[in-house]
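Novice: Each chain is listed here by its residues.
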Amino acid sequence: MIKIKDAFKNGKAFIPFITGGDPDLETTKELMLAMQEAGAALIEVGVPFSDPIAEGPVIQAADDRALAGGCTTDRLFDMIASVQGEMRIPMVFMTYINPVFSYGQEKFMDRCVECGISGLIVPDLPYEEKGEILESCHRHGIELVSMIAPTSEERIRTIAGEAEGFLYCVSSLGVTGVRRSITTDIGSMIRMAREVTDIPCCVGFGISTPEQAKEMADRSDGAIVGSAIVKIIAEHGRDSKKYVYDYVKEMAEAVHT
Amino acid sequence: MNNEGRFGPYGGQYITETLMNAVLELDEAYRKYKDDPSFKDELKALYRDYAGRPSLLTYAEKMTRDLGGAKIYLKREDLNHTGSHKINNCLGQILLAKKMGKTRIIAETGAGQHGVATATVCALLGMECEIFMGELDTERQALNVYRMELLGAKVNAVKTGTRTLKDAVNETMREWTSRIADTHYCLGSVMGPHPFPTMVRDFQKIIGEEIREQMMQAEGRLPDAVLACVGGGSNAMGAFYDFIPDESVRLIGCEAAGEGADTSRTAATIATGRVGIFHGMKSLFCQDEYGQIAPVYSISAGLDYPGIGPEHAELYRSGRAQYVPVTDEEAVQAFEYLSRTEGIIPAIESAHAVAHAMKIAPEMGKDKIIVINISGRGDKDVAAIARYRGRDLHD
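Going line by line, the protein sequences match chains A and B. At the far end of the first sequence sits residue 256, using numbering that gives the first Met the number 0, and the numbering has no gaps. At the far end of the second sequence sits residue 394, using numbering that gives the first Met the number 0, and the numbering has no gaps.
One chain only, chain A, in its complex shape:
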């Protein structure tokens, strides 16, 4: 089984996010393969949810498109299973807790293992509540990714001390979405985390340009980009493959230079 740490074998990681089933699952599959070819180190696939409270308007709209297009948790698992054989990099799910809870966590983890999902990112499951699914994740060898935010302050050490896979460092206040500039002192957040953990730290939220990606990767182990890619998909729909490939290639190269 591919592990999250494999994403960091070749140095800094560029981590793209797309919403599963936006605009349909066939396109998601094509995009995953294209992003792998373009140099993505790990792929985050969003499980669409009706009320994604951590997302800005761009990813909210992607969730709406995916659900309107008939994407369900089962169909998403089926698609991931079908692409698994061709994937050489780790795949993680970004999902709100209710789809996992509702599906039944044991069954959810079983299916993750079957189709090669290495980890979960659950934005509405903070440190205090991670016990909800942590045991079940561990029994299945799935890593539960922890998040730290600009407001975390002294919590950073507590969270990072138990973090696994990689540590997701939220760059700014607010929801996901493209930002002109990132003003948080990312460097000191990462330094605090590194006092207590050896796992890679990656920065996400608000990154869209190669310059931003490089800047964030310089201070951490990688950059995560969602909204900027989802925007391309919103514009080009089923014909997004070439555009997403070009964008990811440019971003991955920026992270590696």
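What you were told as hints is all true, and nothing was included just to trick you.
Only pairs whose alpha carbons sit at most 30 Å apart, straight line, appear in this in silico DSBU-like list of lysine-lysine: (1) Lys-248/A x Lys-28/A; (2) Lys-33/B x Lys-97/B; (3) Lys-129/A x Lys-31/B; (4) Lys-213/A x Lys-248/A; (5) Lys-2/A x Lys-213/A; (6) Lys-230/A x Lys-158/B.
In case anyone wonders, no lab produced these hints; they're calculated from the structure.
For this one, chain A is given, so just place chain B on it according to the hints.
Specialist: Structure of chain B alone, referenced to chain A:
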């Protein structure tokens, strides 16, 4: 599992990391002030001199005679300043926020009652105020939108999702995530992450405490049943809480069934929902087999919510309280009935509880007593009820 703010298996703090320190700070401040004598005195004075508490307990003599069974009393939260129970919570939370050094308040609203109460207290206490309201609700309750603006609040029409209360909560949470340092989220019901369900209940429990005292004065004994409508459940929790240890007092929550709990056009969470985790809490939610939150419907914008507060979920699980669905049609009939019979126009939300009282009172003996919590007044609903009855008023 985290035991903070749990009611049996329900409750918790399922929110983004960005908001965690904000709710921990709020919890700490609430613990500090809730038993602080000067905070309590200040709040008590506001309840009395500004909100008009205690609210009356009115004996509904004509209704009692007409239904021919149990004696019916009405707890008159409609007589509070701003016309509903929502002011109790807003005075408490915004006073607390001020003590915490916050200068800006944000809040969601459904029918507009919580928004109006929030805007009112912000005007009184000199806080900046921004309200999030589903676009559909701004149309259903246009008068309340203008009222909030008159009080100095900025009202944002939420255009995402079902454009109702659930989406207003989503958007207010998103807003809080982007601006925390000077901003308090004044959540309007006994829902959301800990400490909100506990704190809001504590600010509302005065309803039940007053009912007890007033009932002892009027009848020298406790009522046999207390009825209240339930959306998120704050007026019901406020009315029920003091009576939880008194097993002889039946607690009955009346949910909005919309066009029927057996149809898809419903908001009856206990009747049709199942356990889930959403809006910061583990509780019961209307959702599909994959955990997607279901679009809900009720004629009442204040009950049009796909979840229920976690303490209600626990009262249901333990059997201490009972929850019944009431349809739009039954609520509208009760709205008209109470207006005609007692000269009291209830909020369409509260009319759901009146409707259930009309069902059970005739079957109860004349020596029995029920209390209906009239959580708000119905002025805001007059145009919508006229429309329901086929008359188009220009309000």
